[in-house]
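> Here is how the chains run, residue by residue.
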Amino acid sequence: MKVWEIGEQQGLGSLRAATRPEPETTRGHAIIKVRASALNHRDLMIIAKRYGANVRPETRVPLSDGAGEVIAIGEGVTDVKIGDRVVANMFADWTEGAWVPGLFGADYGNTIDGWATERLSAPARSLAKIPDHLSWEEAATIASAGVTAWNILEPFGHLKAGDTVLALGTGGVSVWGLQLAKAAGARVIITSSSDQKLAKVKALGADIGINYKTTPDWDKAVLDATHGAGADIVLETVGTGTLTRSINAAAFNGRIGMVGGLDAGQPQLFGLVAKNAVLGGITVGNRRMLVDMLKSVGAAKIKPAVDKVFAFDDMPKAYAYLESAAHIGKVVVRHD
Amino acid sequence: MKTWELGDQKGIASLRMAERAEPKPGPGQAVIAVKACSLNRRDIGIAGGTYGAAKPATRIPLSDGAGDVVAIGPDVTGVKVGDRVTASHYTTWLDGTFDPSVRNADLGVSIDGWLTERAVIPAAALVPIPDKMSYAEAAALPVAAVTAWSVIEGLGRIKSGDIVLTLGTGGVSIFALQIAKMNGARAAITSSSDEKLARCKDLGADIVVNYKTRPDWDKAIRDQTGGRGVDIVVETGGFATLSQSLAACAPNARVGMIGALAGRPEAPPALFPMVGNNITLKGITSGTRRMFVELLKAMDATDMKPVIDKTFAFDDAVNAYQYMVDSDFIGKIVVSVG
Ligand SMILES: NC(=O)c1ccc[n+]([C@@H]2O[C@H](COP(=O)([O-])OP(=O)(O)OC[C@H]3O[C@@H](n4cnc5c(N)ncnc54)[C@H](OP(=O)(O)O)[C@@H]3O)[C@@H](O)[C@H]2O)c1
Ligand SMILES: NC(=O)c1ccc[n+]([C@@H]2O[C@H](COP(=O)([O-])OP(=O)(O)OC[C@H]3O[C@@H](n4cnc5c(N)ncnc54)[C@H](OP(=O)(O)O)[C@@H]3O)[C@@H](O)[C@H]2O)c1
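Here the protein sequences come in this chain order: A and B.
So for the first sequence, the numbering used here puts the first residue at 1; every next one is plus one.
So for the second sequence, the numbering used here puts the first residue at 1; every next one is plus one.
I should point out that these hints are in silico values taken from the structure, not numbers from a laboratory.
Even glycine gets a Cβ: it sits at the ideal position worked out from N, Cα and C.
A few of these clues could be false.
[As the list claims (entries may be wrong)] Which chain B residues face chain A? A few, computed with CB under 7 Å, are given here:
| hint | residue |
| --- | --- |
| 1 | Thr50 |
| 2 | Pro100 |
| 3 | Pro268 |
| 4 | Asn278 |
| 5 | Gly283 |
[Unchecked claim] Some chain B residues flagged as far from chain A (calculated, every beta-carbon gap over 12 Å):
| hint | residue |
| --- | --- |
| 6 | Arg20 |
| 7 | Ala21 |
| 8 | Arg199 |
| 9 | Asn210 |
| 10 | Pro215 |
| 11 | Ala220 |
| 12 | Gly276 |
| 13 | Lys297 |
| 14 | Asp300 |
[To be verified] Okay, the calculated bits of chain A under chain B, using three or more residues with CB under 8 Å as the criterion:
| hint | segment |
| --- | --- |
| 15 | 2-13 |
| 16 | 17-25 |
| 17 | 95-103 |
| 18 | 247-260 |
Whenever a hint applies, use it, and build me the whole structure from the sequences.
This is how it looks when you write it as C-alpha cells:
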C-alpha cells in the first residue's frame with residue numbers, strides 16, 4: 001500500500017511517498033481503509049521540526065485527522081465492526097476525563113503513525129462513528145480542529161444560546177467554532193485578514209466579520225458590535241500575540257480558550273482580573289468530547305467547511321496550499 | 001458616635017477621627033453596633049489614594065466587620081434587632097456571576113464601611129455569625145477568606161488529595177492554607193521568613209518554601225510534590241510571580257489570579273505551559289454572599305478558626321494600618337470596637 005512519510009523534517013520538501021506491506025490485524029486494533037484525510041496547522045510544524053520534542057522517525061506517517069471504513073478488526077475489539085464509518089480521536093489513549101501528560105505518547109501523525117496512508121491500523125478505543133450525512137471529506141476535518149473548537153465552546157466555555165462567540169482568523173479551528181456555535185444558538189463574530197474570506201464566513205452564518213488588517217484595533221470593534229458587552233467565549237487560535245486584544249474583547253465572566261501558536265507576543269493579563277474572565281489552555285480533547293461533538297454535528301446536520309480537496313498523490317500540494325493560508329476552514333485529501 | 005474617615009487620602013496619616021450623629025437606617029438598611037473590624041491589603045491603597053478614583057474625605061473605611069443589629073429600616077427582612085452579623089463586602093453581589101456594578105456598593109470603598117461605632121449596612125448583604133464564632137473571628141473573613149474560598153471552591157472545585165499552593169503568609173494565604181486543609185487537601189505555602197513558615201507548619205502546611213532563599217521556589221515545590229506539581233494556586237503575588245506559579249502546576253491545574261503583592265512584573269508572564277498542561281487561569285474579584293454562607297458552614301462544621309495576629313483598639317486604628325504596612329504578621333489584623 002502507499003503511504004506518505006515525514007522524512008528528514010526540513011520543511012515541505014521532506015514529505016516522501018513510500019510503499020509498505022498491508023498492516024496486520026492485531027489485538028485491540030481495527031484496520032481502516034482511509035477515504036479522506038485533513039491537514040492542520042501543526043502538520044506544517046511537524047514537517048519542519050517545530051513541534052514538541054521533535055524525536056520522530058523519518059518513517060512516521062503524518063496527519064492526525066482522517067475518516068474511513070473499518071475493514072478488519074482484531075481480537076478484543078467490541079465497539080466497532082466491519083463496515084463502520086469512523087474517525088479517531090487525535091490522542092488515541094485519551095478516552096475520557098482530565099488531561100494527563102503521557103497522552104502525547106499516542107498522538108496520531110506525531111508519535112504514532114497517522115492518516116496519510118491507504119490503510120491504517122488504529123487502536124479501536126480511539127474510534128468513533130460518524131453521522132450519515134457527512135461525506136468522507138467532511139468527516140476527515142473533525143478530529144483535531146473540530147474537537148478543539150468543541151472543547152473550547154462546551155466543556156470549557158459552557159456555551160449557551162444567546163452567548164457571543166469570537167473566533168480569530170478563518171482557519172480550521174475558527175470555522176469549526178463558527179459552525180458549532182451557530183448550531184447552539186450563539187452569535188458569532190469572526191476576524192480575518194481578507195474581506196473575501198469574511199464574505200465566505202458570513203455565508204456560513206457569521207453574524208459579524210472584522211478585518212483585522214484594516215481594523216487593527218479589532219477588539220474595540222468587537223465591543224462596539226456588542227454594545228460594549230464583549231464576547232462571552234473567545235477561540236484564541238492565534239497566540240499570546242493577540243491575547244491582550246482577546247481579553248479586551250471578552251465580556252465580564254468571559255471564557256478564553258487558548259490553543260494557538262501562530263503569533264507569539266507579550267500579553268497584558270490584567271483585564272482577566274477586572275473582568276473575572278477565565279483563560280484556559282486547551283489540548284484538543286478526549287474521545288468523549290469527540291462523541292458529544294459528533295452528536296451535535298449529526299443533530300444540526302452541520303456541513304463542515306471543506307475549502308479544497310487534493311488527490312492522495314498530490315499530498316505536497318495540499319501542504320503548500322495550507323501554508324499559503326489561502327483557505328478558509330479545512331484543506332482535505334481524498335484517498336481512493 | 002465616633003467614626004474614622006479617609007480624609008484626603010495621602011497615606012495612612014490622612015485617616016481622621018470624627019464625631020457624627022447616630023445613624024438612622026433607611027429602607028433596606030440595618031444599623032450595626034460594630035464590635036470588630038479587620039484590615040486588608042487594599043485598605044493601604046485606599047488610604048493612599050491609589051485604589052481607584054479618589055473617595056469623598058468623609059468615607060468610612062474598611063470592608064470587613066462584625067457586630068449586633070441595633071436598628072432596621074423599612075422593607076428589611078431576614079435579620080432582626082439583636083442578630084450577630086457580618087456582611088458580604090460587595091453588598092449587591094448576592095449570588096451568580098460577577099457584574100461590574102457590584103463595585104458601586106463596596107463597603108469601605110464606594111459606600112461607607114465598618115471602622116465606626118455604628119455602621120449602616122445594606123441588610124441584604126448581612127450574614128449571620130455562627131454561635132461559637134467571636135466577633136473578631138467573623139470580622140476577619142469577608143474579603144480575605146471569601147476570596148480564598150472563591151478560588152479554592154468556586155474555581156478550583158477542590159477535592160481531597162489535591163495540592164493547593166498559596167504565596168506569602170498574609171490574610172488571603174493563611175485562609176487558603178486552612179481551607180485547603182479542611183477539605184482534605186495538602187497545602188504548599190511560600191514566605192520570606194523561616195519563622196513564619198514554622199507557624200504555617202503548625203497550622204498544617206505540608207510543603208513550605210522560603211521564596212527569598214529559594215528564588216527558584218517553583219522547582220522546590222515541584223520537587224516536594226514528587227514532580228507532579230500543584231492542582232490549585234491562590235495567586236496573591238500577581239503577574240510578577242505568575243510564570244513561576246504556572247511552572248509549579250500539575251496538568252489541569254486551576255489558578256486564581258487575585259493579587260499584586262509582588263509588584264510589577266519584569267517580563268510578561270510565560271503562558272505557554274498552560275496549553276500543553278490544560279491549565280485554567282481566572283481573574284477573581286472576591287466572591288458572593290452565597291460563597292460567604294458556604295464558607296461559614298464549612299468553618300462551623302470543621303471548627304476552623306481564623307488566625308488573628310494582633311488586635312488593636314479603635315482609637316489606635318492608624319497603628320493597625322502601620323502594622324500591616326510593616327508586614328511583620330501572618331494572617332489577619334483586627335481592630336476591636338466598642
Ligand atoms: N492546542 C490545540 O489543541 C490545537 C488544536 C488545533 C490547532 N491548534 C493551533 O491553533 C492554531 C490554528 O490552527 P488551524 O489548524 O485552525 O490553522 P489554519 O487552518 O492554518 O489557520 C490559519 C489561519 O489563521 C489566521 N491567522 C493567522 N494569523 C492571525 C492573526 N494574527 N490574527 C488572526 N488570525 C490569524 C489566518 O486567517 P485569515 O486568513 O482569515 O486572516 C489563517 O488563514 C494553530 O496555532 C494551531 O497550532 C491548537
Ligand atoms: N482580587 C481580590 O478579590 C482580592 C481579595 C483580597 C486580596 N487581594 C489581593 O491579594 C493580595 C493579598 O492580600 P492580603 O490581604 O492577604 O495581603 P497581606 O495580608 O497584606 O499579605 C502580606 C504578605 O504578602 C506576602 N508577600 C509579599 N510579597 C510577596 C512575594 N513577592 N511573593 C510571595 N508573597 C509575598 C508577604 O508574606 P511573607 O511575609 O510570608 O513573605 C506579606 O507578609 C493583595 O495583593 C491583595 O490586594 C485581592
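> Which hints from the list above does the structure break, by number from lowest to highest?
Numbers 1, 12, 15 and 16 - these are the hints that the structure violates, sorted from lowest upward.
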